[in-house]
Structures are given as structure tokens and as C-alpha cells.
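Read top to bottom, the protein sequences are chains A and B.
According to the working numbering, the first sequence is numbered sequentially starting from 1.
According to the working numbering, the second sequence is numbered sequentially starting from 1.
For the record, the hints were derived by calculation from the structure and aren't laboratory data.
Bear in mind that the values here come from a model prediction, so they are computed numbers and not experimental data.
One should not assume that every hint holds.
Stated by the list, open to error - As a list, the in silico DSSO-like pairs of lysine-lysine whose alpha-carbon atoms are at most 30 angstroms apart:
{"no.": "1", "chain 1": "B", "residue 1": "Lys118", "chain 2": "A", "residue 2": "Lys5"}
{"no.": "2", "chain 1": "A", "residue 1": "Lys316", "chain 2": "B", "residue 2": "Lys118"}
{"no.": "3", "chain 1": "B", "residue 1": "Lys68", "chain 2": "B", "residue 2": "Lys188"}
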Amino acid sequence: MNSWKYPAFWIALLLVIIGGLLPVITGSNIMRENMFLILLSVALASSLNILLGYAGYVSFGHIVFFGVGGYIGFYLLAVQNTPLWLAIIAGGIASAVLAWLLGAAILRLRGAYFALATIGVNEAVRTFINNFGPLGGPIGMEVNFSIYRQYGGAATMQWTTYWIVLGLTIAAIVLSYAVKFSRFGLGLMAIREDEDAAMVMGVRTPSAKTMAYVLSAIIPGMMGVIFFFRNSSIEPHEAFRLTRSIEMIVMVMLGGQGTVQGPLVGAALYEAIRSFLLTSPLFKDLQLAFAGLLLLLIILFVPSGVVGWLRSRYRKLWRVLE
Amino acid sequence: MMAQVENILQVKGVTKRFGGLTAVNNVTFDLPRGQILGLIGPNGAGKTTLFNVINGVYAPTEGHVIFKGTDISGWQPYDVVKLGLARTHQIVRPLNDLTVLENVMAGACYGHENRPLKEAQVIADEVMEFLGLAERRDMLAGSLNVAQKKRLEMARALASRPYMMLLDEVLAGLNPTEIAEMVEVVLKIREQGVTILIIEHVMHALMNVSDRVIVLDYGQLIAEGSPEEIANNPKVIEAYLGDPDLAKRLMENADGD
Chain A
1 MNSWKYPAFW IALLLVIIGG LLPVITGSNI MRENMFLILL SVALASSLNI LLGYAGYVSF
61 GHIVFFGVGG YIGFYLLAVQ NTPLWLAIIA GGIASAVLAW LLGAAILRLR GAYFALATIG
121 VNEAVRTFIN NFGPLGGPIG MEVNFSIYRQ YGGAATMQWT TYWIVLGLTI AAIVLSYAVK
181 FSRFGLGLMA IREDEDAAMV MGVRTPSAKT MAYVLSAIIP GMMGVIFFFR NSSIEPHEAF
241 RLTRSIEMIV MVMLGGQGTV QGPLVGAALY EAIRSFLLTS PLFKDLQLAF AGLLLLLIIL
301 FVPSGVVGWL RSRYRKLWRV LE
Chain B
1 MMAQVENILQ VKGVTKRFGG LTAVNNVTFD LPRGQILGLI GPNGAGKTTL FNVINGVYAP
61 TEGHVIFKGT DISGWQPYDV VKLGLARTHQ IVRPLNDLTV LENVMAGACY GHENRPLKEA
121 QVIADEVMEF LGLAERRDML AGSLNVAQKK RLEMARALAS RPYMMLLDEV LAGLNPTEIA
181 EMVEVVLKIR EQGVTILIIE HVMHALMNVS DRVIVLDYGQ LIAEGSPEEI ANNPKVIEAY
241 LGDPDLAKRL MENADGD
């Protein structure tokens, strides 16, 4: 399919890199913090898109992977004094293993039942950690600020982790693109369109779905480690915030589910809207209500999202929009 | 010569019950390699259920399905197709938001030969050419009309490079011209050495293409024979065709085409 020659992928990559370099160009720490959140959202949304957009399985509890990765990584960093890179990898592996185990159990369910099960999983894990002493229970864990000295002090650490997040976001985009234009991706999309027909065509649906779930969990897990390390503390309520899951879905739907650029566009747009709402005195408490309203409007009027809508409207742009 | 012919498919005493309903009742038949076997019966006779048991959508309650010497009873559909037994659906199931090409490629990628993407595309292009879908290559499958969707079903199954195909009412809903074209396609597929089991309600077409015909009624096999024998079989006329003159008309049609 020679899909790497399509401009669509390079446009997506370029957007991430240009966005990622903005803080350096402007030299602004505020810009860096904003971009950090945007890149984080892009990576989370792109990861979720593999399951939601390609395989057609709505996960309402996807933040569980962010939280579990975060907790495992944080534990290693704070208690075992593991190096950051190792903690990040461990967080990714922990999330992947969790997805693999869960996949065998709940990916038998379809449609709304799967979505409900994912919420259940998130709540179950949150409650478990809330009551699990070694991980700090309801209070969570903290790192002493002195830990940042190993990374050249807090200021340097913030830049280091920023670059890691940029790298992981690029990885998420590459992964998303590679999956979409692979044989495996074609199988996932067959599942999304008609799972029974896909089975009859020869798609080994149980293993394909599990693999999609695992792939969609790894980067959120790694991101969790960085996020909470930077945050210097982790607690169950923060790590497994259900509304974050819903915001991830809004981002994917807003940009265009099943496209590579969609989650990128959706996450950037949503973060822009959110930062506007949070700073506006009138709307600051209504940010989540707005997210819900947005989701409703998208599903009713533009179910294919911004990128999907543009694609269906301007067919000449197919090579550019993907 | 008959002695050399190997049975590619053997259905042995297959029964499928759904709760108290016996949809398929102790059905036994053999299908020699390279033949076209017609499967007819009134609505609700269990034809599609039998297909579903053969290709693994349902596991048989009793009995065995043997394909190319392997007992595939209770296998998953994706394992059955990898052995070289493909099927089409009575109610077409296009992957709507994918292009025609992607639909057919999926058939090639995941079918019997498990091709990588690039080779799948070559196969898909061949198959689309064969079925007259080449012009629609980049259209979304959801935007095809019924006749084209039926062809797409065929294309997807054919792209898996099967030894045998189960065709479930590929002629239903087509106009006479489209039926004639599709019959051509079916005959050509057989020429390529693919064995075919076909469910059809368009009688004269079925009588034309089939080497043999079997008849299901209330889940039971009530007759088996050449198209002429079936059309003249009193049991079949009574149970299914209903009208004694119909048989005559069927055969006239068969001769006429």
C-alpha cells in the first residue's frame, strides 16, 4: 500500500514536532506546561483510538491504564529508587499485562456491555488501591523533592520529562499509523464494521481484539509514570479519574475516530477549549458539562469528527487527511 | 471414474437444536470435489443454519462435519476459513466504512492463504476484475447497490482462495440480467476447481448450475438427486414446490436458458 509515502502521516508528525518545539522557540515555561498537557492528551487519545476508532470498542475506563502505569512507576521511583527510564518501561509493561489479562475476560462482551465492564474495571482498581496499604491507600504516595536532584534539579527534570513526553507522543502517532495501515489494522477495522463477518472472513477476533487492547494501553501506562513523577505525588482519586476517560473519548470523537490525525486534532482542540473554559470566570465550573454537551453534539451531527467530516466532504484530501 | 472422486465435504448426522427447536435434524450428505451441490427447501427449513454449522458459526448439537478429511465440527469460523472453506451471507455484510478494495483485501489477508497486505492487494485486484468490481475499487462498500454488494460478498470469499465455497442466496434480489451474470460467475468459479454448495430460491437458475440437489424440509433431508430427479420427486413437489406443474415449468426453463 506504500502508505508511508502518503503525506497524511508526515503532516501529523510535523504538527506534533512543531507543537513540541514551541516552548523552546518561545522559551516560555507556561507554554511548556500547556504543551505538556496537550501532548499528553494527544498520546492518550491516539492510544485509545486504536481500540475505539479501529476496533470499534468503546472503553469508558481507559484511564485505568494511565493510573496503573503511574502507580507501578511511582512505586518503583519513590520506594525502590529505580531510575526513571526503567520506571517508565515498567509502567508500560504493567499496563500491557493488565490489558492482556482484562482482554481475555471482558473483550468477549460487545457494545454497551464492554463499555460498562471497562467502567467497572476502573472503579475496581481504584477501590483496590484505595484500600491497599503498600501503595499508600487513600492518601497515595509522594516523592521527596530531593529525588529530582538525580535529574539535575526540578527545573531540568521538567524539561527532561517534557522531551520524553514529546518522544512518546511521536511514538503514539507512529504506532497509530503503523497499525492503521497494517494487515492487523485491516482486521481490526473488519471487526469494527461487522465482528461476525470478520470471523467468517478469517480474522482471529479474540487475539486481534486483545492485541488492540494491549497496544492501546502501553503508552498511557508510560505517560502515567511521567505525569505523576512530575507531579511528585499520586493518589487514587487523581490516577483513576473517570472523567478523564470520558474526556479522552470526547477528544477522539471530536477529531475523528478511526483516523490517525483525528485524535491529534481532537486533543488539541479539546485542550484549547478546556483551557478557555477553565480560565473563564463564567464557565470555569462547567467544563465537564461542556465536554458532555460536545460529545452529544458530535455524535448527533458529525459522528465522524472533524477529520472524518473533511475526508468525506473533500475526497481529494484523502492522501493528506488520514 | 466416480470411484476416484474424493469427497471434499462430508456431513454426518448433523443435528442443531436451539432449545426445543430442532433446526437441522440428522442431516447426512457427501459433496465430491469440483461439484456444485444445490441446497433447497422452504423458508425456515434450516438451510442457513446448516451453513452456519458447516462453517463454524454454530457448533453442531450432534454429528460431524468433515472437510478435506479433517473433522471441523465445533471449530471457530476463522479456523474453518483458513482450511479453505469460505462463505457468503444471505443478508450481505459489507464492511461499510471500508472501500471495496479493503473489503476484498481483508478476505485475502485473513483467508485460506493468509497473505500479507501487498500480495492481498494483487489478489484483490484480480478478484475484483473477475467479478466486475474493478471500477468500484475505491468506493465505500456501504455505497454499493444490492447487486454489487452480492458481488462483493463473492469477491471477499473468493479472495480467500478457498477450495470450497458456501453460497447463501447470491441470486436473491437480483434482476434477470444480474442473475444471468451471476450464474456465469458461479460456473466460472467451479471451472477454477472450487467446489460449491449453494442455497438458492431462484429455481431455474439453481437447476441449471447444480450437478446435484439436496432438499431440506423442517430440518430434515427429504431428497437427494440430479436436478431432474428432484424436480420430479413427488415428496419434493408436495413439501416444497407444492404445485405439480411447477416441476415441468422448472425443467422447461432449465432447457430454455
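Against the structure, the hints come out as follows:
no.: 1; hint: B:Lys118 <-> A:Lys5; in the structure: holds, 15 angstroms
no.: 2; hint: A:Lys316 <-> B:Lys118; in the structure: holds, 24 angstroms
no.: 3; hint: B:Lys68 <-> B:Lys188; in the structure: holds, 22 angstroms
Comparing the model with each numbered hint stated earlier shows that all of them hold.
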